[in-house]
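Sequences listed follow chains A, B and C, in order.
Using this note's numbering, you'd call the opening residue of the first sequence number 14 and step up by one each time.
Using this note's numbering, you'd call the opening residue of the second sequence number 275 and step up by one each time.
Using this note's numbering, you'd call the opening residue of the third sequence number 306 and step up by one each time.
Note that these hints are calculated values from the structure, not bench results.
Incorrect hints may have been included.
What the hints assert, rightly or not - The calculated DMTMM-like cross-link candidates involving lysine to aspartate or glutamate, where the alpha carbons are at most 25 Å apart (straight line), are:
(1) Lys109(A) / Glu553(C)
(2) Lys532(C) / Asp142(A)
(3) Lys382(B) / Glu321(B)
(4) Lys343(A) / Glu553(C)
(5) Lys288(B) / Glu523(C)
(6) Lys492(C) / Asp263(A)
(7) Lys546(B) / Glu558(C)
What follows is the residue order along each chain.
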Amino acid sequence: MIGDIEEKENLWIFVELYKSEPKQVSLELIAKGRILADKFGLCVCALLIGDDVKNISPVLINAGADTVFLLEHPLLRQYRSDFYAPVILDLIRKGKPGAVFFGATPTGRDLAPAVAALAGTGCTAGCIDLELTENGALLQTVPAFGGRMMAVIVTPEQRPQIATVRPGVFQQAGFSERDGRVVDILPELPQAKFDLVEFVEESLQPSLLPSARVVVAGGAGVDSREGWELLRELTGALQGALGGSRPALDNGWIQESQMIGHSGSTIRPDLYIAVGISGDVLHMVGVQDAKVIVAVNSNSRAPIFSRSDYGIVGDYREVIPVMIDAVKKKQRS
Amino acid sequence: MDFQPTVQQDLLRKVVRQFAEDEIAPLVNDLEITDDTPPDLVRKMGEQGFMGVTIPAEYGGTGMGHLARMIVIEEVGRVSAGMAMALQVMQMGAGMVIDWGSDAQKAKYSPLLAQGKILVAPAITESSGGSDLEGLSTRAVDEGAFYSLTGRKVFITNSHISELAVIIAKNEGGAKRDFSAFLIENGTEGFRRGRVERKIGFHGCITGELIMENCRIPKENLFGDKGRGLAIALKGINDYGRMGMVGIALGLMQASLEASVKFARERILYGKPISNLAPIQFKIAEIYADLEASRFMAYNAGWLIDQNKKSDTQVSSAKFFSTEAALQCTRKAMDIYGAYGCMKDYPLERYCRDAQLLVPADGTNDVMRIIAGRNLAMKK
Amino acid sequence: MQVAVCVKMVPVPGQWSQIAFRDDGSLQREGIELIINPVDRNALEEALKIRQAQGGTVTVFSMGPPSCLEHLRETLAMGADRAFLLSDRNFAGADTLATSKVLAAGIRKEMPDYDLILCGSASIDSGTTQVGPQLAVHLGTAHLTEAFSISAGEQNYLQVKTSASHGHYVTNLKTPAVISVTQQLNKPRIPTLFDIMTSCNKEIIILSLTELNLPKSESGLEGSPTKVQELFFPPAKRQARILEGSIEDRVEELFKQPGVAGVLR
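Next comes chain A alone, as it looks inside the complex (with noise of 0.2 Å):
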């Protein structure tokens, strides 16, 4: 028993760290899981592990949760799943909570599953929604097949329910001076299983894309650097940002801070031109919310165009010239 909240099936979310704030995910998914809890009356607990992050805790209330559980050690500074995974098993078994959330982000998708199996419960990868019923069930959607189909995913007999949920799909709040409390706990460290030898920074150039109000973005079929010519050549004109999918990431046309969609950024722009992505939900994920979808792909059938406001179908080498010459005439005019 930790404090005295285990008789509720309270929702739980893993806090993932960077540089001592907690991402946005963690956020997002308090907020998520403070919408659910006050529907039926339960609990968000937030679980915040790492090596002296007391003052984080103050957020976390903020963001919506109720009580902070907080496990702090030096060796816990940086996430391991081999100390992460156990510590966090025997907090599930002393606090028996419904359902644990999980960011889908590399950490949480490393971690959310040894979790699930060392509980022998079930754990749901890469919800795009979330909901609980009166009973207690959670109710977790995620894609299949590229997002062509969509799957509900429910855990029926194992305690807690875990699941790991995409960024970007909730929306985080911004409670102002919430009251909470912080349990500490001393975690109790198995043996190391292998040895971090060091956390390599990658420095990422700032993204453009958060607060750009036009964004062009290519994908798979943009595949010739004349062809990402022409795209940067429209975004300069349209004075946007450049974005691109997770091919075009894969393929070395833009970096890591352009890729839009599931595990690259959740954008919100006025206007959204899409050319050559096939409109997987992946990426779809992440451009949900813009106000205007534009798209251009040479294959008609693409979902792309059942998930755009307009379409233009043709060859982008095409399109994207006579685009280009539309908004410089304009500005002229």
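Guided by the hints, dock chains B and C onto chain A, whose structure is given.
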């Protein structure tokens, strides 16, 4: 009758397709411009075992056989007809050495040929033509210690990238059909390469001349028994050359079919994809039917060769049927593309140009009809 | 080093549009071609490289229906020494926990002396990324995910680089261990015709539930804590108006639209 491909055949197709898409497809545009055979690609195809598909394992090949060879050429041809042509003639050269070479010749050359480390160019055709073998004018004179060859071979595939040639020559003073075959190594005195042709298609595959002027050939380089020249040429052309053209035809038709279906689904006219239109569907159905018919003829002919059964009627029929089908299919696919079909940005015009070369190569289609027709109508 | 590689057969993405629902709500996916999950090839390639450098064996494990058999032949052609197909009617409907239990049981039975288990980081059909970590839990070993570099260190140590959100970790890992790999790790080889011939002499062994010493209650649908409650095609929130006419006309029309014209000022 079992139409199920074997596990090995399925795997072979998958693997060759993957190679063609990863290693050949990125080069196709360059090949169109340079019209050169990339040595690096030849080396890779050799390492993959493409040249040794009919060569027995004891000589460094896989011995998969002629039906398997058809699949290899088809999959390479689906991506590049030019590379498929170069490859099929490499296979033909390697195959002829296994079929006719002496033990010493096989020991010396076959393991290298099977893995593409050296290439042999079969050289039969002359300016007088290739099918009228008796009209060939290259002469071989038996000088006692060596043979002396004089003549000019034209339209020789891989002429300028091969280390060896098999030359068919008339035995001086012999009877009308008294021909022999000779192996000539590069650097042999009196042996040189002539002009390189510029073709309508098959870009990336080199076609040129081989010239012999009192070329002195050691006695041990007689290829097959003396006087067997015509048999050697005919078997090589039947089993390898013509079958190779059939394989390229299949590749071109498969590529045309895939391109047609893709374009028809993507191209919007009056608000709907043109794949909804019956005339487009007709063309696609016709391409498919031609491809399937050609395939069955091709695989059957390959199987006959693998069984050492008589196959010239089947091979000749498959050759004229499939290559003419490929001419029509590439044309129909181009029509489906409309004006786009005529643009260099799309592969259709290349398919059409490549298909033209299928008809005259390795015996014109009129000659194919003569062979099949004569066998069917006259022989009992 | 004794390396096990876990692979999954997935429907080829080009044919996903043919996947439909039957009347009973289940998925109709017959006739859709299977391929080896692409990143699983990278896992196999890395195993082959390790064998090349250090000796040892490479064994492939896959759970799936009998139709996966022919695809396992491809892993043998790439160079794996042997392959096991874990196949049983009772395995159907497995989630990642049940799948990883079956794989763990297969490895425990056939390769108890394994040093390293390699998996692809995610499957393209469901994208769960969970089997690697869960396999490690069942076998009681360490796990790392998102590995883009693996190099041999001293003795039984491997130095592994794994990517994270803002950089990468460098970890020294003592075997035995489970590592999930990414496509950046290497370029999978294409089997040669010689490899195809050799693969025909190698074994693929099918193991069923009874041979794995696994209770039925821990495999397949029965052993899966998660269940699919509902499958549906997502409703389109937007439906593009496809613009018509010449490219110039279409672009002009586009730039007249309210939401677009506004941002062009």
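Hint check results:
Restraint check: the Cα-Cα separation between Lys109(A) and Glu553(C) comes to about 63 Å, which exceeds 25 Å; the hinted pair is violated. Only pairs whose Cα atoms come within 25 Å are accepted, and Lys532(C) paired with Asp142(A) is accepted, the gap being roughly 16 Å. With a C-alpha separation of about 18 Å, the suggested pair Lys382(B) and Glu321(B) falls inside the 25 Å cut-off, and the hint holds. Proposed proximity of Lys343(A) and Glu553(C) is supported: the alpha carbons are some 14 Å apart, at most 25 Å.
Pair hint Lys288(B) plus Glu523(C) does not hold up; C-alpha atoms about 36 Å apart against a cutoff of 25 Å. A C-alpha spacing of about 13 Å is found between Lys492(C) and Asp263(A), which places the hinted pair at or below 25 Å, so the restraint holds. Proximity of Lys546(B) to Glu558(C) is assessed by CA-CA distance (about 19 Å); at most 25 Å being required, the pair is judged to hold.
Figure legend: structure checked against the earlier numbered hints; hints not met, in rising order: 1 and 5.
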